[in-house]
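Q: Spelled out, the chains give:
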Amino acid sequence: MSSIERSPWLIHYDASSCNGCDIEVLACLTPVYDAERFGCIVTGDPKQADIFLVTGSVNHLNAPILRNIYDQMPEPKAVVAIGACAYTGGVFSECYNVSGGVASTIPVDVYVPGCAAKPESILGGVVRAAQILKEKEKAARKARRKARK
Amino acid sequence: MKGIEICIAIAYVVVGPLLGGLLDGMDRIITARLQGRVGPPLLQPFYDLRKLFTRRISPVNRLQLPLIASHLVFAVLTGVLFFYGSDILLIVFVLTLASVFLLLAAYSTGSPYSTIGAERELLLMTAYEPMVIIALVGLYGVAKSFNFYEILGSKMPAYLYLPGIYIGLVYVLMMKLRKSPFDISTSHHAHQELVMGLTADMGGPALGLVELAHWYESVYLFALVLLFFSSSWISALVGLAFTYLLIILMDNVTARAKWGFVLSFAWVVALVAGAGNLIPFYLISRGTP
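Chains A and B, in that order, are what the protein sequence lines are. The numbers in this note's numbering rise by one with no breaks, and the one at position 127 of the first sequence is 152. The numbers in this note's numbering rise by one with no breaks, and the one at position 103 of the second sequence is 1033.
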């Protein structure tokens, strides 16, 4: 197991959801689901996070914030879009201010379905994102080795 | 005699972080069990550290990483001097210097979160420093020495003579190990009002170095506790385990305090428990030849 797979640290940002998915994200940390089993820590600091959990639809006000958090994270990084709103904008997709899902602003690696998404599937998404991070790390290492040659 | 001490000091440099990491790992498991969770594997802190050193992040400025490296160097030096058997009073000054480097690293970024964290850390240092000095004076009173091995070898049950100072030292330990309610400058838990504070602008290898320094620090802090229970093997084991579990319990049952409370409360503890212990101890020991 690579080191990143053993300790994926998370940062959670609520773009503009109804809070349903956010409550489920926090439920992942409770005794029933216990995300720390997988070495997850919710850091609250983009510079220390590996996986970016985003809930809710993106609008013109929070798109720069989303971009900012994403840019501050170290390489390699993965984004998990949680819930229907983070996928397409959900029930808010027709609103005049909504620009769509998370993918309208930053690249998304894993989509977790649901409205609200279940804690089990959120944990599944995080574990999948950790695997993607491992592959990204491997690819980056290969690219660096090639560049050195 | 000096040869053994050099060996122990070198062993500290090698084994120190392993011990500190294991203490951290056990802490996380016990905390999880107290909350009814399974918790991470025992070696999780080592996985975290290894990952932090593989992360690629451009530093905030050119000053931050050298300052953090100095913090680590002086944290290690404190422990080395401690186990080499240097004067404990000197060690306290090196310990303060190590903390000052971490403060400077946080201040250098100019971010409001780091600045608030650094200011709170400064308050914490003001809060615990008087108690550390009182503890050393008390240990000198018992063993008539400022040398780690001479205090350890004096076989005096210091906890019987200095119960108040022991309580004061537990407060210092909770502040140094960043435990609730005194984790005002930085915290590992994201549920606090100021999440990272001091380490807000440190990512990847920079945070790894801070973690490593923290492990080194925790080892000699527990060695300082050991001085209170050095009368026998059993009392040493029981005393260390009790202190360790007490600090974890306090971390889990208390909420973060405001800085004003931390400062005034620490000074009241230093004055009441520390000085209140020193004065009767001085009077009693003056009576005995």
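If you are wondering where the hints come from, they were derived from the structure by calculation, not from laboratory data. Model, not experiment: these values are computed from the prediction. Ideal Cβ positions, reconstructed from N, Cα and C, are used throughout, including at glycine. You may find that some hints are simply not true.
Said to hold, decoys possible - A few chain A residues facing chain B, derived, Cβ under 7 Å: (1) R62; (2) K72; (3) P132; (4) V135.
Unchecked claim - To list a few chain A residues with every Cβ distance to chain B over 10 Å, as calculated: (5) S118; (6) N122; (7) G139.
Claimed, not checked - Covered by chain A, per the in silico footprint, the following chain B stretches (three or more residues, Cβ under 8 Å): (8) 960-966; (9) 971-985.
Q: Compare the structure with each hint and give your call.
A: Okay, the hints, checked on the actual structure:
1. Because the smallest distance between the Cβ of R62 of chain A and any Cβ of chain B comes to about 5 Å, under 7 Å, the interface hint for this residue holds.
2. Among the interface hints, the one on K72 of chain A holds; its C-beta lies about 3 Å from the nearest C-beta in chain B, closer than the 7 Å criterion.
3. Using the Cβ-Cβ criterion of 7 Å, the hint placing P132 of chain A at the interface with chain B is not satisfied: the shortest such distance is roughly 18 Å.
4. With a cut of 7 Å, the hint placing V135 of chain A at the interface with chain B is violated, because the nearest CB-to-CB distance is about 19 Å.
5. Listed as a non-interface residue, S118 of chain A keeps its Cβ farther than 10 Å from every Cβ of chain B; the least gap is roughly 30 Å.
6. Distance check for N122 of chain A against chain B: the nearest CB is about 29 Å away, which clears 10 Å, and the non-interface claim stands.
7. At the 10 Å boundary, the C-beta of G139 of chain A stays outside the reach of chain B, the nearest C-beta of that chain being 23 Å off.
8. Counting residues of the stretch 960-966 of chain B whose C-beta sits closer than 8 Å to any C-beta of chain A gives 3, which meets the bar of three, so the coverage hint holds.
9. Given a C-beta distance limit of less than 8 Å, the hint that chain A covers the stretch 971-985 of chain B holds, as 8 residues qualify and 3 suffice.
The earlier numbered hints that this structure contradicts are 3 and 4.
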